[in-house]
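Protein chains in written order, with the numbering used here: chain A, 1 to 129; chain B, 1 to 475; chain C, 1 to 225; chain D, 1 to 238.
These are calculated hints, taken from the structure and not from any lab test. Please note that the accuracy of each hint is not assured.
Some chain A residues judged to face chain B by a derived CB distance under 10 angstroms, without partners named [what the hints assert, rightly or not]:
| id | residue |
| --- | --- |
| 1 | Leu41 |
| 2 | Ile45 |
| 3 | Ala55 |
| 4 | Asp83 |
| 5 | Val85 |
| 6 | Pro86 |
| 7 | Val89 |
| 8 | Ile90 |
| 9 | Gly97 |
| 10 | Leu101 |
| 11 | Tyr107 |
| 12 | Asp110 |
| 13 | Leu111 |
| 14 | Asp121 |
| 15 | Gln124 |
None of the values given here were measured: they were computed from a predicted structure. Cβ coordinates follow ideal geometry from the N, Cα and C atoms, glycine included.
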Amino acid sequence: MFKTLLNYLGGVPLDVVFLARLLLLSVILIGLWGVLFKKNLIMKIIAMDIMNTGAISLFVLSSWYRSKAPVIAEKGSSIPASDPVPQAVILTAIVVGFSVLALLVVYVMDLSRYFHTLDTDRIQNRWKR
Amino acid sequence: MVNLSVSILVLLPFFCGVILLAVKGRSSRVLLPLWVATSVLAAIMLIKGDSVHAVLGGSYGVELMFDPSSWTFVLMNGLVFIGVTLSVIKERLPLLSCPLMAMLHGTANAVFISYDLFNIFICIEFIGILAFLFIRLGNRIRQIWSSIQYLIVGNVGMILYLTGCFYGYSATGSFSMETLPAIPAIAIYLLVIGLSVKGGVFLAGLWLPEAHGEAESAVSALLSGVIVNCGIAPLLRLAELSPVAARVVPLLALASAIYGVIYAMFDKDIKKLLAYSTISQAGFILIVPAAGHLYAISHGLFKSWLFLAAGKLPSRSFEQLKKEGIKVQVWLPLLIGALAISGMPVLGGFGAKSMILGKLSGLPAILMYMAALGTAISFAKIIFLPLAEGGDLAKAVSFSGAFYFLSLVLRDVIAGYFGVAFILKTLFIIGAGWLIYLAITSRRKIELPKSVEGLDHILGLLFVVLLLMIVVFGS
Amino acid sequence: MRIKFDIRKAYFAAAIVVVALLAVIPRTDLGREYNAALIAAKAGIPNTVTAIYLKNRLYDTMFEVMVFSISISGALYFLKKENKFHLEDTLFTDPATIIIFRGCAMLSFLSACALATVGHLSPGGGFAAGVAFGTSMVIQSLISDRNHLSNYLSMERPERFEKSSWMLILAISLLTFSGIIPSNGIWGSLLSGGWVPLLNILIMIKVGLGTWALSLGFLDHKWIF
Amino acid sequence: MTGHGLLVIGAVLLMPVMAFFTLREDHILHAIIGRGMLGIAAAIAYALMGAPDVAVTEALMGAFLVTLLYVVVFSSGDEFRVGYVELPMMVSKESEKLEGFAVDLLTEFGRKIKVKPSFVPFESRQALLDAVREGYMDMAIGPFVYPFDESDNYLTLPILETRIFKKNGGEWIDLLSLLYGSENRTFDRSSAEMEKGFYSVLLSEDAHDLNDILFSFMGDEDNLTVPELKKKYFGESK
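Just chain A, with the same shape it has in the complex (with noise of 0.2 angstroms):
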């Protein structure tokens, strides 16, 4: 029944790689929604890291195949599993997105000595008057 109803959606492959892709890269979308019209910098750095973290996922999205993890049980052993690569190489990207993050955190806080309400406008303005 549930199949139905989503082929029935349209014509485009309502599969669930492609439904999957779709709430991923609305992820993305919230997180740009946030980072557009958030006045607070905090607010627009949280904003940034689930963007982040949504283009993260669509990553390991491209990786999955029957959700089998890519670990080889026996030596010789040719079982189709996940794809090891892009996994691989999106573990950097966390890593990097993270110490990124981590440093415009703590440097906010300096800024946050001056402008204690870390409104961006305000900031801005602070140096066009």
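Assemble the complex: chain A is given as a structure, and chains B, C and D must be docked to it using the hints.
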């Protein structure tokens, strides 16, 4: 050969960086042999002129490409670092700056030789962090804000680049740049936008005036000389390899050249003027992808020299400089740098500029000549600054100044393109530029709208430019 | 400079169109489910993800260690510069908390060792192990009183540890690039797969000490707790 | 659409929901909790999609360490530091609770701009003045009077007019510390002549936007906190 060059270009600077971090070293004299080693290695490889494509670490490893274009960028990297170190060699630098300089040098080399999309992502993020810390070292309040704005814009750009990598991998199954033609067009646009944020190209580079205006002169010299080129070098590779990017990048370059020159002409702050001219020179580099690296080395040299000289000025606004005049030890380097950037024949900028303008035809050629004229007009402001007495000529010929001058002249002599027609054309452009400056621009005070440089605007414009690319070039 | 609300709406509308076009791209990523077997055979390690990011793409991981360490030392550069208020000796003196904390510290330390040493056999990464190791050190430093902690674990000794493990990682990556890799050993045994087990442990030490130094920085700066 | 596929879609659906919850409104605490939940939802989704390594790293780094970082930022971010020297009626500590004219004024101000004040006690006036000059304290309240405590390394904002008794030797005492002053400052009122003065809040140069908002907060007429507090504490007798 591959292991030797990787270890010298990338691992040796990292080792020195870690040791300096542990020892808390503060004098940059120690790092000089490092830059010299890189430049010598790059020069030898350029003379040999062969190109090697290596895969590091087996089947799904990282791919590297050592061809003349990457060796030219590496040579520029070495020379700019030598010049900047010579000029700050006597000062006692802040605690973190020596290790950061060593690591920035290693990562910039890694970007120039890399041939793998994801590896470029990691290196450029690392350069983003290093540039953030560099801008932040002089802890004035405005620097805190401009460094945070730089990192946020850079990070959003890099998230777009990462999404582009995802679509690239899911279409072709590998991150190597050889598979670029098979990548869907939208993924190429995402990659181009991500790199143009870091390379300071067109609207995506609007963080440059804020970041340059605030950073110390040595930091701005590194920022403009090396860090901006780390965004531009992969863009050049992209334009050469992918047919889609080959149509997009020149158009972006054209827009960037014109936009940067217009804002440079009417700016009243010398550092902002240099920042806007970096945006426009990025356009010059990218307009002809095959010859881009030749112009990049000249731009890296004279732009970093100009920033170092501009750092010694008493004040940054042109009105004050016009009233007080500047001493000869600052006036001479500024004059030579401004002449070099406007394309004076013997001085570095001429060879590459005439080669690039020679290869263009039709509308792009006219627009680029206009941009060259605009550059001459905007730098006439520096050339016609009055000379105040009391400066001693001896200090004018400083160690780093001589080094820059020599490398600029050598650059033009070696890879020059001295067609007589071009010499006349360039001299005509520079003359016309000075005339227009004296007649019009020096009197009229036009205030261009700067509201576009707000944080939300830059981030939003990324997506507008992305949409324009999709509409104009089709998904 | 009042940002007119409609401009940012226009930016967001452009973003929606771009993401919509991204969503509709047809998927072609089929037929890549046999990579795992190919890589595992060559690297001699069951866990192919660790095989790739510590052997085939070690170049990226080396940059990743650099990025993590530089951002930690960048943050510490700021935290140490700030003048610190006076700090109470111990933060949690209530005995029940101390016992629970000590338990958690031991638990997370054990999980860190498990993740690191067996990282190349079963899922578990050097970085995750590092974070777990860092957390156990942080919890431990929370409950022991400050001056006992400062003279016992003064920052100089871990600082040297951190820098030396950092340099070892760089040295090993240089060796791996130039092909000097010890034999793969018995499939599935603890020491199989060339440098991978050693690299896992080194990354654990490096990331663990980095996280611990960052948290100590926060502790001194009287931000946290 | 196998059963497992539904499970994965469920976990992946959790992520945009958590992302929306995080960015719904401007309160940072909600955002931090939302971010932690998003990290956990992502870890669940990765585990279900057959990527255990990434799930472990995302759970530890993305969910735990990032939330720890934000909590650290939040706990020190949303406040401005106010140093005070005890002065009865203006700022006094009765049984663990601070109250007084200046305290209520700043708390009301903090509620208006959603940044809460944190009061730090100081023993001597000079220590507090140095802290404000260094920028460690954003504001200072207590026995500071407008005409006498003027200095160029901090701003003074007069909030309450009062009488000052000034002796020719330059030694002065303000009305409140004279009437209620607990320390035994012997001060014969006879030889001092009365002058008009204002109790004031000292603002450090660094707190840029705070100063602008506070000046505008005090400036606009229709803000009736000041007359209210005056009636409450001094009953219009001043």
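Margin query: Flag every earlier hint the structure violates by its number, smallest first.
Written below: none
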